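Protein chains in written order, with the UniProt record's numbering: chain A, 1 to 597; chain B, 1 to 597.
In case anyone wonders, no lab produced these hints; they're calculated from the structure. Be aware that one or more of the hints could be misleading.
Each pair may be met inside one copy or between any two copies, as identical chains are not told apart.
As the list claims (entries may be wrong) - Using 27 Å as the maximum straight-line C-alpha spacing, the simulated DSSO-like pairs for lysine-lysine come out as follows:
id, residue 1, residue 2
1, Lys-331, Lys-222
2, Lys-576, Lys-493
3, Lys-469, Lys-23
Just so we're clear, the structure is a prediction, and the values are computed from it rather than from any experiment.
Protein chains: 2
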Amino acid sequence: MPTYRAPTKDMNFIINEVLNIGKYSNLPVFSEATPDLIAAILEEGAKICENELAPLNHSGDQEGCTRHDDSSVTTPKGFKEAYQKFTEGGWGSLTDDPKYGGQGLPHVIGFAMEEMMVSANMAFAMYPGLSAGARAAITIDGTDEQKQTYLPKMISGEWTGTMNLTEAHCGTDLGMLRTKAEPNDDGSYAITGSKIFISAGEHDLADNIIHLVLARLPDAPKGVKGISLFIVPKFLVNDDGSLGERNAVLCGSIEEKMGIHANSTCVLNYDGAKGFLIGEPHKGLRSMFIMMNAARLGVAVQGYGQSEVAYQNAVDYAKDRIQGRSLSGPKAPDKAADPIIVHPDVRRNLLNAKSFNEGARAAAFWCAMLVDLSHGSESEKQREWADDIVGLLTPVMKGVFTDRGFEYAASSQQVYGGHGYIQEWGMEQFVRDARITQIYEGANGIQALDLVGRKLPANGGRAVQRFFKHVMTIVADCKTNEKLADFTGPLEKASADLQTATMWLMQNAMQNPDNAGAASTPYMHLFGHVLIGLQWLEMAKTSVEKLEEGSDDATFYENKLATGRYYMKRRLPETKALLAEIEAGSADVMALDAANF
Amino acid sequence: MPTYRAPTKDMNFIINEVLNIGKYSNLPVFSEATPDLIAAILEEGAKICENELAPLNHSGDQEGCTRHDDSSVTTPKGFKEAYQKFTEGGWGSLTDDPKYGGQGLPHVIGFAMEEMMVSANMAFAMYPGLSAGARAAITIDGTDEQKQTYLPKMISGEWTGTMNLTEAHCGTDLGMLRTKAEPNDDGSYAITGSKIFISAGEHDLADNIIHLVLARLPDAPKGVKGISLFIVPKFLVNDDGSLGERNAVLCGSIEEKMGIHANSTCVLNYDGAKGFLIGEPHKGLRSMFIMMNAARLGVAVQGYGQSEVAYQNAVDYAKDRIQGRSLSGPKAPDKAADPIIVHPDVRRNLLNAKSFNEGARAAAFWCAMLVDLSHGSESEKQREWADDIVGLLTPVMKGVFTDRGFEYAASSQQVYGGHGYIQEWGMEQFVRDARITQIYEGANGIQALDLVGRKLPANGGRAVQRFFKHVMTIVADCKTNEKLADFTGPLEKASADLQTATMWLMQNAMQNPDNAGAASTPYMHLFGHVLIGLQWLEMAKTSVEKLEEGSDDATFYENKLATGRYYMKRRLPETKALLAEIEAGSADVMALDAANF
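Could you put together the complete structure from these sequences and hints?
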């Protein structure tokens with residue numbers, strides 16, 4: 001059975017040494033987040049993830065969720081008790097607004113907790129995870145009354161939330177959605193329609209579930225400009241805040257899926273359910289994107305979080321399993337064979353995952369810091385800058401971190417040989433669970449299109465220009481230190497490939513939009529390499545400084561440098577192949593008639 | 001529910017037009033295989049695969065196999081009837097020796113049938129597939145009596161066979177195996193031990209199961225030089241060929257796996273079971289490799305076969321599912337949205353799979369032809385040449401075709417969006433089933449080591465030199481035709497990368513074997529690209545010729561050229577990144593102490 005050890009040391013390293021969030025302690029959100037407090041929170045968070053959530057991961061997968069005849073859903077054994085501990089510890093409210101009972105901590109702490117939860121038990125983590133997306137929409141678009149009514153109990157975890165977008169005939173193309181919202185006399189709306197793939201749509205963990213539902217008003221324009229967002233509580237809420245009538249939203253079935261069996265993926269049938277408009281009529285797509293962008297960053301964390309836990313177990317197995325001898329002579333001559341971690345190809349497997357996981361974590365945490373700066377910085381320019389970078393990197397991280405997360409969950413499974421294919425060893429679950437991250441909250445092809453079609457051209461390319469400038473400033477700064485030459489050289493090359501690709505897109509996508517479409521996924525992955533390469537340069541810079549200061553934890557920093565060098569030398573040159581694919585253009589992609597595939 | 005259409009047209013194209021096996025009609029094995037006969041066989045084979053096997057794939061996955069208290073195993077509903085039709089039609093004996101009831105047809109026809117079976121129902125295909133591996137060992141190493149006793153009924157399909165290598169503590173490193181073989185007075189041996197991961201180890205499809213079992217004789221030297229191979233029938237066979245006593249080999253349990261649920265993966269417990277030595281004492285590893293090499297080629301076919309069926313269903317879905325509009329303007333203005341096959345990124349996904357599947361099929365069929373030439377050619381030099389190439393390409397095809405097969409099964413699933421994650425749509429099964437192909441019959445890391453450690457240096461590098469010469473001869477021949485410039489140019493570059501990598505290995509692996517280990521997997525994939533690129537050049541050459549001849553099936557050949565161009569321009573440049581990874585050497589791979597992973 002797999003185990004999980006929260007990488008809190010690595011997290012503290014990124015937060016305090018690489019990002020050095022202490023330098024923003026003048027801002028309210030960072031003011032209390034001292035290294036000691038952060039370490040204490042991560043330590044406690046690690047305990048609940050390691051001791052309460054991880055042990056339920058495999059059993060939850062085996063048991064799955066059960067829907068009963070009355071449309072209620074039971075989560076697997078132990079989930080209800082674990083959720084109770086989770087909410088009692090305040091683990092779901094770390095970054096929420098203190099005005100509604102949140103703890104107002106920096107998002108970087110929220111991301112760290114999210115990662116630990118996902119690694120420990122992704123299906124469990126999705127229950128509070130979806131709730132956070134729903135809260136984001138209410139926080140930004142809700143009226144004061146709506147905030148007062150829903151946020152405190154959603155933040156405390158007494159209630160959870162969901163996001164209801166997809167219908168059977170439309171997922172990506174929400175313009176086609178059919179769910180209706182008809183005005184009631186009391187100012188509320190009667191919601192009628194059927195939504196599918198609703199994660200955490202019905203369950204027994206919380207007293208109430210607040211569904212956020214996209215639907216059309218009677219006078220709605222066609223397409224995406226006619227979509228509105230509604231709050232539809234499972235139980236209506238009385239004026240005194242107590243629970244009232246059961247609303248007409250029922251779970252029609254739960255899906256039998258490839259993975260995340262312990263999360264209930266529901267068909268929700270709305271039969272004139274009472275709903276409340278949130279935000280302006282017909283502007284639901286904007287609110288939806290608020291939820292969605294929060295959710296996409298969360299899914300990016302799921303991507304590398306699954307890779308991380310799969311990697312950890314692969315390392316344990318590779319140290320334990322003896323098979324064959326090292327090519328350079330026996331390393332464990334007292335044993336019948338050497339542990340397989342002596343074999344270069346096993347190490348290659350592990351280092352692919354390790355160098356990605358650590359780079360992805362650094363990128364995600366950087367982005368989390370920028371989320372706070374985009375809201376809380378005193379400088380308008382910095383707020384805008386941070387918002388630009390977060391917007392630009394959100395599709396990159398969602399798409400790349402989940403593609404790689406799935407790949408490295410599978411390559412970690414590979415380390416187990418045949419045992420990796422057997423359910424009881426638990427490795428195959430990581431692969432099945434990781435697979436959904438490439439699909440939901442916008443399939444990765446959609447992330448790539450969002451990147452090249454929206455994020456790149458926005459504001460005349462301001463975000464990507466700022467990103468390039470940021471990379472080049474750091475490279476220029478680090479080039480003076482020859483100890484960083486293994487990092488600055490490859491990053492400069494990769495960054496040049498990304499700039500060439502960006503220029504190619506500018507020159508070729510306007511005249512033929514298919515060129516953008518055909519380039520989008522390789523471009524996203526090229527971007528991902530530069531993003532992770534940048535993190536490695538930053539981590540290397542910090543590590544070299546610490547070593548020069550004579551740190552008494554030299555091994556830690558030397559290992560960082562070794563892991564980073566692996567990424568820079570062996571992974572980053574992939575940018576060359578990706579650039580070639582982009583520059584090949586769309587002609588060969590569009591050549592075949594549909595009938596001839 | 002997925003469907004399957006056997007690509008018989010493509011198969012006939014490769015066999016008759018690209019390989020033109022008719023040119024070998026002077027050799028016995030090819031003498032009867034006229035284009036008409038081949039077409040007729042493929043057409044009939046397609047029917048059983050499409051109509052009998054494919055409909056049982058999803059239900060077989062859902063139901064799985066059941067072990068009963070008496071250690072017997074029941075296969076899923078319909079399997080027994082389908083197996084009956086399969087054997088009655090003679091589909092399991094296409095390429096076997098007519099002396100023992102086989103049909104003596106070329107291996108290329110066997111490979112084609114294997115591919116169709118695998119695409120239709122991989123778990124089913126494994127029952128006769130494993131049997132073929134077992135027959136190969138008996139055919140080559142068995143005594144006349146053993147051949148007479150076992151082959152006719154194994155070839156007819158009345159009995160099946162298995163391969164028993166792995167034990168709980170050893171898979172790759174067979175030198176550690178513990179199963180004992182103690183001499184009985186009658187010249188037989190008492191086999192005692194426990195074997196795991198035995199595919200098709202116990203089932204209800206056939207009257208008897210002939211287990212081929214690796215075990216140690218009492219006087220066996222340590223390690224792999226002390227392993228012998230034994231025939232252990234489930235039911236002992238009387239002198240008159242009738243079934244006798246039940247042997248002491250029982251299925252202890254069946255594994256709960258990630259996929260191939262309809263194939264029984266057994267723990268087999270041997271408790272003094274009566275076995276018969278096959279081949280020489282202590283030379284079992286050699287016999288094992290006979291089985292294994294046949295099996296590895298079969299697994300290579302499984303790899304692209306799973307990709308093929310997943311691709312076909314992704315194409316159907318992409319033509320059917322409407323979502324969003326083409327970037328270059330509506331393509332189905334009468335509908336609410338365009339079919340998603342208009343989107344370049346969806347096409348990229350499909351073309352990655354299509355261009356791989358067709359190239360892999362051509363490579364596999366080429367190799368199948370060489371298997372026959374290696375046995376049947378009148379020229380000793382050609383026999384040796386063919387044997388060299390098959391030996392060299394076996395690990396490449398096993399490793400690369402299964403890595404890519406899994407990747408493209410998953411990317412085909414991706415085309416379905418959320419529906420791809422739901423079991424009833426059937427796409428996720430292809431991913432789970434494909435996953436095992438990277439693991440069994442030698443995990444892909446072992447294939448890569450076999451390639452760089454054994455196949456490259458064998459006979460002073462004769463095989464790889466022959467391969468390069470073959471590539472360069474064809475390139476030189478085709479360079480005179482400017483219509484092939486899109487193919488010869490990229491293949492020349494990729495082939496140069498492979499030669500550089502080979503040279504690098506020669507120069508750097510001797511001084512430090514870890515350099516070979518660290519390079520092995522990227523080298524295998526670099527080799528795979530050149531192999532598939534070569535197939536595309538050959539297919540393009542044939543297509544150009546057919547078009548110049550004024551073929552009335554011009555669309556078919558134009559599509560071949562378009563698909564091939566996609567591979568050459570967008571996939572093949574990956575060789576640059578792989579070469580960079582190889583040339584990065586092993587220092588960064590070996591840098592971390594095991595404790596610091």
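Inset, instruction - State the violated hints by number, sorted upward, taking the hints as numbered earlier in the document. - result: none
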